[in-house]
Every structure is written in structure tokens, then in C-alpha cells.
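J.: So you can see what is in the structure, the chains are spelled out below.
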Amino acid sequence: METGIGFIRDLEVSVGHMNIERWDEPQGPTPFPTITTFRNWDRQLLSRYKPFYMPFCDLCCLCTFGKCDLTGTKRGACGITMAAQQSRIVLLASCIGAATHVSHAHELVSELIKRFGPDFRLDPGGLSVGVEAPLIRLVCGLKPETLSDLETVVSYLEREVTSLLSATHTGQEGDPLDLESKVFHSGMIDHVGLEVADIAQISGFNFPKADPDAPLIRLGVKGIDTKKPVILVIGHNVTPSVSIMEYLKEFHSADSAEVTGICCSAIDLSRNNKKARIIGPISWQMRYIRSGIPDVIVVDEQCIRTDVINEAGAVNTRVIATSEKNCIGLPDRTNDTAESIINDLVSNKLPGVLILDPLKSAQVAVETSLRIFEERRRTHRPFSEAEANEAALNCTGCMECVRSCPNELPIPDAIQSFRDGNPVNLRELLDLCNGCIRCEQACPKGIPVHRLIVYSGWEKLNNEQFTVRAGRGAIQDTEIRTVGGPLVLGEIPGIIAFVGCANYPNGGEEVARMAVEFAHRKYIVCTSGCSAITIGMYHDEDGKTPYEAYSGKFDAGCILNVGSCVSNAHISGAAVKIANIFAKRNLRGNYEEIADYVHNRVGAVGIAWGAMSQKAAAIAAGFWRLGIPVIVGPQGTKYRRMLLGRGDIDSDWTVMDSRTGEEVYTGPVPEHLFYAAETEEEAMMMAAKLCMRPNDTGKGRIIKITHYIDLYRKLYGKIPDDIYRFIRKKGDIPLTLKDSIEENLKMHNWKESPIPDPTRIRSYEGKSGESKR
Amino acid sequence: MTSHGSWMRAEIAGPKKAVVINKTEVVTALLKRFRSPVLIIGSRSTEIELNGGKLISYLARIAEVWKIPVVTTNRSASLYFAEIRRHSFPIPVIEIANLLSDPGWKGISENGTPDLAIFSGLPYSMEWTLLSGLKHFAPHLKTLSLEYGYEPQADYSLPNLDMNKFHEILSFIGRGE
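Sequence order for the protein chains is S and C. Residues in the first sequence are numbered consecutively from 1, following the numbering used here. Residues in the second sequence are numbered consecutively from 774, following the numbering used here.
Treat the hints with care, as some may be off.
Below are the BS3-like pairs computed for lysine-lysine, each with C-alpha atoms no more than 30 angstroms apart in a straight line [to be verified]: (1) C:LYS915 to S:LYS74; (2) S:LYS714 to C:LYS827; (3) C:LYS805 to S:LYS638; (4) S:LYS67 to C:LYS790; (5) S:LYS738 to C:LYS790; (6) C:LYS827 to C:LYS915; (7) C:LYS915 to S:LYS638; (8) S:LYS729 to C:LYS879; (9) C:LYS805 to C:LYS790; (10) S:LYS74 to C:LYS790; (11) S:LYS746 to C:LYS915; (12) S:LYS584 to S:LYS544.
Think of the hints as simulated: they come from the structure by calculation, not from any bench.
Let the hints inform the model, and build the full structure from the sequences given.
T.: See below:
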């Protein structure tokens, strides 16, 4: 262009993304909150649920001043205390988790924009979901309609994660509670990231849309057709896996290969295509890879064994890495022709490749598997009886394997029995083994301990087939309308969400038992991720898995799988939607009021029985900021701190009654925010207890107390001594337990207290006037 | 097998580690020295087998002889105490650890916070982390671990023991001498 000023060539003008307003709800007080916006709310929670720290290490070794001994009251070279250091490490863990989910969300959105364009409309629930993104609406004050709207959200999330991470720098935040507040913020950010990822992939990959009747998916190794090539996908980003299915359908047939998966990629692939098979949770990686069944392994991101290339190589399985975040040392062949890559893999010139193009990685995976599988079947030699016997003979019973096993499994005794001709003990260990393989690292004789365990149990594994319901995604608005009232009033005793990884203390059966127990008691049972898979791996007396025996609705007595890790957003989202759809509270940029509502009225509890990862830490933190308690298993104390209430300190348990403006005692409800249980029975008792809320009606409280007492009795054989703290009026007492409870009330000089219209925001606003609003 | 590296190999302790009790008399001396001990019995107490029975039977004997109040953290230990008609306070282990960290806590019988907390029969890693919490944040409290595996985060701990030796030590303590 030639003008009077000069000559302009190749001019591009970008005006950025315009969010055209099509939402008449008034903007709330806190859209796009910063890391201090909810500091008052967080401190209000933390004044009740104080951190109980359990340092994993006495030292800080994060800078060159260190190592610094922080034992007891000592401070480090930067002045930090042990308490602050623990909160700092928790924040680091939670930032890692949030960054992982947000990055995952970013990649999904970018890929889908590449496929469908920025104006592709989001549709996570069809006509049954009006509030399509409760967490984005709540936190960002946006109503996302297209993929490009999600880009705006992701930019905000990335900024916040960066700010949070910077707070962990040496000489930065040093107050434990300020660090904890930032942990909460990272959790809130994480949940928004989860929501972005899941509504994007539901819309783009056509997953079930809030469907309670999502199909049942095959689960387990039984029935894998090894006359076909077998592909294994591991990880969390479903794009490469979906591409494999699409490629198969387009160029061969959907049935021309078995596509199997582990962990969340498997869950999400099964949401896209019901022909996909889920092998098991994360803990099944090693046993399945070592079986030699998969011909090609496609890994994407998160929770993948970092030695996958070594293990795959040992059984001549080819590996394709597909994520920039997980290149595992493989040569980048993204820009090479598919044919040349396939040739190199088939000829074993390369054991694996990195391909950062999902369509090309799909082509390479399928074609390679088709060309190598017959020869692999002919040449694959499984771990033999002779090898097993020889390995067992080498065991000296030194106990090094036990001393490295997270569950202290009695491996030497089982090997001794195996040597004596009884494989049962070794076989039984397979159900309890989390697949970490530390036993093999520890064995001074080089015994392939895990291989031996799997060898003993393989026949059993190979004969069991289960089902898991494909992740349904969001909760319908109509479901929220149906259960909102009974939940808030307490007549449905609560929502119990089984989430997180597979680092179980006693195998996965405990999770399945707990889920069934709560469904039987008419709680709403939600599942996600590896917990969702694990729950499907058990049969009842009629031979049904929990997903076959219970409906997938969001209703009392149902067990519903929302989907993968990123689908956890629908669980926190459901709690938020109750405040919005049922209680008509404004959602838009109105986090604090909604969190106050959820905390005081929605009886929800998360159980992450095998929580292992930093992502699980971030997911838990997102629930904490909403005031939703989370219970972890005994390994969960390694997260370094709990958030515990003190039921015996009455002054900690008051709220403001919105009707009268008075501070009233409510009892310790919910008593803890982050809690590690030693046993399954304790976790169930505590979950029932933590479902109580100040807002429960008399009828609702009767139901909740009945479950609490019943589960407490099963745990300890008596009525809980603290039951008087949960009785507000005589009308809260279950009739069948009247005598024993009244005795308890008398013993503790119980006095009646009002049932308030509870809030904790007005309580601190009124006192300090410190609210940012 | 008698050593005092952590039972779980990777649980490397910091600068402050538990005093290893190599002589059983040290345990009995501790029980005599502290005025207000409490014995916390975990879920593994009914699983761990010693020569003369389950671990919990030894612990019940010790509690009786030394008149130590007992906290049972779990179902099986609570039922055991109910069956032998002895009193125990059922409190989840995470809650009792949190209470013990508070010097102002009234105590399980409202007679003040204990001065010695004895742990036995808990999952190793859970006990390790809880003891760490008490080591750093409960200076008013001493902790003693009665396990077959050395617990470095306690103030005092038995070393790594084989089950025969563990049986001998617990039997000796249970004689009340």
C-alpha cells in the first residue's frame, strides 16, 4: 500500500479475541481473581482447619545456602520456618499439578482449534446442560461459547500458575497461612483448567454429553484378540489415541486392531469410541507392558512410567512418544515421512520415536503394529515356569524387598511358599501390588520380584473381565434441580466422590467396597480417573460390576463415572451448580459467596484413597477452597500436611445466622478439610461425618447422624462420644437411637442450639471489615 | 537382624533421629519416668504375629501392667479391647496426633496432655510422618515407637528386630519390672 507517509507491505492487524456479551447475569465482584483476592476467605477456612504438618524431610535444599536444618524452631538461611517450608512444598506440588492440567487444557484447545477453528461451538451437554461451564463462569465471570473463549481462560490460568510458582522462590512468601492461601488458589485455578480441558474434549471429540446411560466399556485383559495387532495408549491427553481410532476407521476398519489403554487416556478414548478397551489403572502399566501383549505403545503425558522405553524394549514393543512434555529421549521424527518412520520401527532400527503430530503418530502406530504383530506373536517368549522357579530359588529372605515396598507386602514368605509348590500367596500379592517395582530395585540377588508375582497371578488376571461406564461428563441441570433440595436439606445424605490415583494401601477392592457401601446407603457416588477404573474391577454376588449394578444418574443410590482426571471439574461444578440452579445464587465472578454456600450447605466429600500425584494434590486443593473436605488413605500423610478442625473447641464452630445477624454455634460441621484415614472403615465413618453441614434440616440431620453412628459403630463398636456436638435440637435425634443419644446429651450437659441460615462471609466482614469487596 | 537404619530403606531421617533402644530396661525406665503416658495402638496390631500371639495381646498386657491409657485407632484393636473387657479410647490416629501436638489439650481423660506418646501397630509410613509432625511441632511431648522396624522420627525407638527379639522385648516390658 502506498500512502503519503510511506510504503507498507505485508501488514497484519490483529485486534485479539472479542468476547461478545450474550449473558445477562450481572458481573460479580471477583472476575479473574488474583492470588490475593480470596485471602480473607482462605484465612477464614484456615482459622478453623489448621494445618497439621508432617515434614517429610527435616531439611530445605532448594537453594545454595542449604541444606538448612529446619528442625523444631530453627530457621533456614532465608529465615523460613519448618511450617512455612511445608506449606511451600505443598504449594509447589499443587502448582505442578495445576500447571499440568492447565497445560493439558491448552494443548487440547489448540489442537481442537486446529481441527475445527476458533469459532467451533462448545457443547458439553446438549439441551440438558444450560450452565455449561460453572467453574469458568464462577471464577472468570465468562460464559464460554466457543473454543476461542477457552483460550482467554487458559491465558488467565497460565498467568496465575506463574504467579503462584513465583511465590515459592527463596525469600518470597514466608508465612505458612499465606502460602496455604496460595495452595487454595492453585486448586481453584486447577479446577478451572480441568473444566476447560473436559468441555473442550467433550465438544470436539464427541464424548457422552452428560449422559447417565453412557455405554459400558470392556475392562481387563481377558478377551484381548491377539490375532490382531494390539496398541496400548498410556497417559492423559486423548488426542493421539482418538487419532488412532480415526485412522483405523478411515484406512482399515475399526476392528482391525485392538486399541487398549491404561489410565486416563484409556478412559477418555472409551468416551470417544466404545470399542476401546481399558486395561486398568496406572498401577497396571508394568504388568501389562511386560506381558508382551502390546505391539506398539503410544504415550502422551502424565503418570507414565519414565522407564517405559526400557521395559517395552525388553519385550520388543515399539514406543511412540507424542508429547513435547514427555519426549523420553527419543529422536524427533515429526518432520519425516510416515513411511520412513514405520520402516525404522519395523526393522527395529529404532526402539521408539517422538512424533509431535497426532495424525502422523496414529498412522505410524497402526501401520507399524500391523506389520510387526505376527512376527512378535511368533517370537515373543513369556516368562516361563523354569525362569520363575529359578528366580524363586535365589531368594535368601533378606527382607530388602519388604523394606522397599510401600505396603510392606510379605514377599519373601510368598516366594518361599512358591518354592514349596504353593503359588497362592504370591498370586494374592498381585491384588495388593501397586506396581512400583521398588522390590526389584532393592533385591540384591536381582530377582525379578514383580515379574514373579505377575507370573503367579496372570491366569487369574487373564480370566477376569469387568466393565466400567464410559465417563458421562457433566451433570445435567435437571438432575441438579431434582437433587438440589434434598441435598441441601440433608435428605440425600451427601455426595461422595472417589477420585485420584491407584497407590492403594490394601489393593483396589477397598475403593470398590466403599463406593458400593455409600451407594447402598443412598449417597450420590461419583467416580473419576483411576478410582473409576478400579471400582469397575470387582463383581458382586450376582457377577455384576458396580457400574452394572447401579445407575449412572446423579441421584441418590447411584454410581456415576464422570470420566478422567480432568472430569473432576464436573464434581466441583455440580456443587457449584446446586448453589446456582437450585438456590438461584449468582454465579458470575462470585466465587466467595458460592464457596460459602457450598461449604455450609452441600454435603460433599472427596475420597482419594490411592492419591499419589501432584495433580491429585491440586485437585484436592480445588475442593478445599470450596470448603469441601477430602479424605486420603494412609499414604496420603506423605502430602506433608493435613487441614484439621478441633471439634472440642466450641469457639471454632460458629457461623453468622443470616436471618438474625447473630453468631451461632453449629457444631463441628464439617470437622476436617483434609484428612488421612488409616483404614477403609475409618474413611467411611469419617466421610459420613464430614457430610454434615450447618444447614441440614432436622430430617436431614437425622439421616446423616444415623449413617455416622452406624459406620462409627462398625469401626469402634459403640456410639460416638462426640454425638452431642451434632445434635442441635431434640428433633435431630434418630428415634431408634433415642435412649443412647439422650444419655450422651445428659453426660455432656447438652444445650439446644438454633439451626441457622449459615454464612461465614458476613461473619468476618462484619468483624474486621477486611473484605476486598 | 538388629540395626537402626530406617526400616523402610528410603525413609532417610534428618539431623535429629530417634535414640535407639538397645536395652529393654531403657523402655521400662522411660515408662517409670513419664507421669502421663498414652499408648496408641494401630490397625496392624491385630495382623502382626509374634511367637506368643498377636502384637495387640502384648500391648494390652503392657498397658495393664503399667496402667497406661490406651487409644485404639481402628476397628480390630477396639474390638479386641472390648472382648477382653478393658477400656480403650477410640480415636482416629490423625486426630490423636493432632491433639497431642497441642500443649493446651485437656487430654483423653481431661487430666492434661500426655507427656509420652507410645506408638505401636501402625502402618510404617503413616507412623513415620505423624511422628515427624510431633517431633517438630510438639516440643512438650516425647514419643516412643514400639515397632519391629526402627522409626527415626520418634524420640525413642526400638531398632530393627526379628520377630523373636521383638517378642522378647515386648514380653519383658509386659512383666512390669
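J.: It remains to establish, for every hint, whether it holds in the given structure.
T.: Do the hints match the structure? See the list:
1. C:LYS915 to S:LYS74: Holds, because 19 angstroms separates the two Cα atoms, which is no more than 30 angstroms.
2. S:LYS714 to C:LYS827: 22 angstroms, holds
3. C:LYS805 to S:LYS638: Violated, at about 34 angstroms.
4. S:LYS67 to C:LYS790: Holds, because 17 angstroms separates the two Cα atoms, which is no more than 30 angstroms.
5. S:LYS738 to C:LYS790: 51 angstroms, violated
6. C:LYS827 to C:LYS915: 26 angstroms, holds
7. C:LYS915 to S:LYS638: Holds - the C-alpha atoms of LYS638 of chain S and LYS915 of chain C are around 22 angstroms apart, at most 30 angstroms.
8. S:LYS729 to C:LYS879: 27 angstroms, holds
9. C:LYS805 to C:LYS790: 23 angstroms, holds
10. S:LYS74 to C:LYS790: OK: LYS74 of chain S and LYS790 of chain C at ~16 angstroms, within 30 angstroms.
11. S:LYS746 to C:LYS915: Between LYS746 of chain S and LYS915 of chain C the Cα gap is close to 36 angstroms, so the pair fails against 30 angstroms, i.e. violated.
12. S:LYS584 to S:LYS544: Judged against 30 angstroms, a Cα distance of about 40 angstroms means the pair is violated.
Hint violations for this structure: numbers 3, 5, 11 and 12, all remaining hints satisfied.
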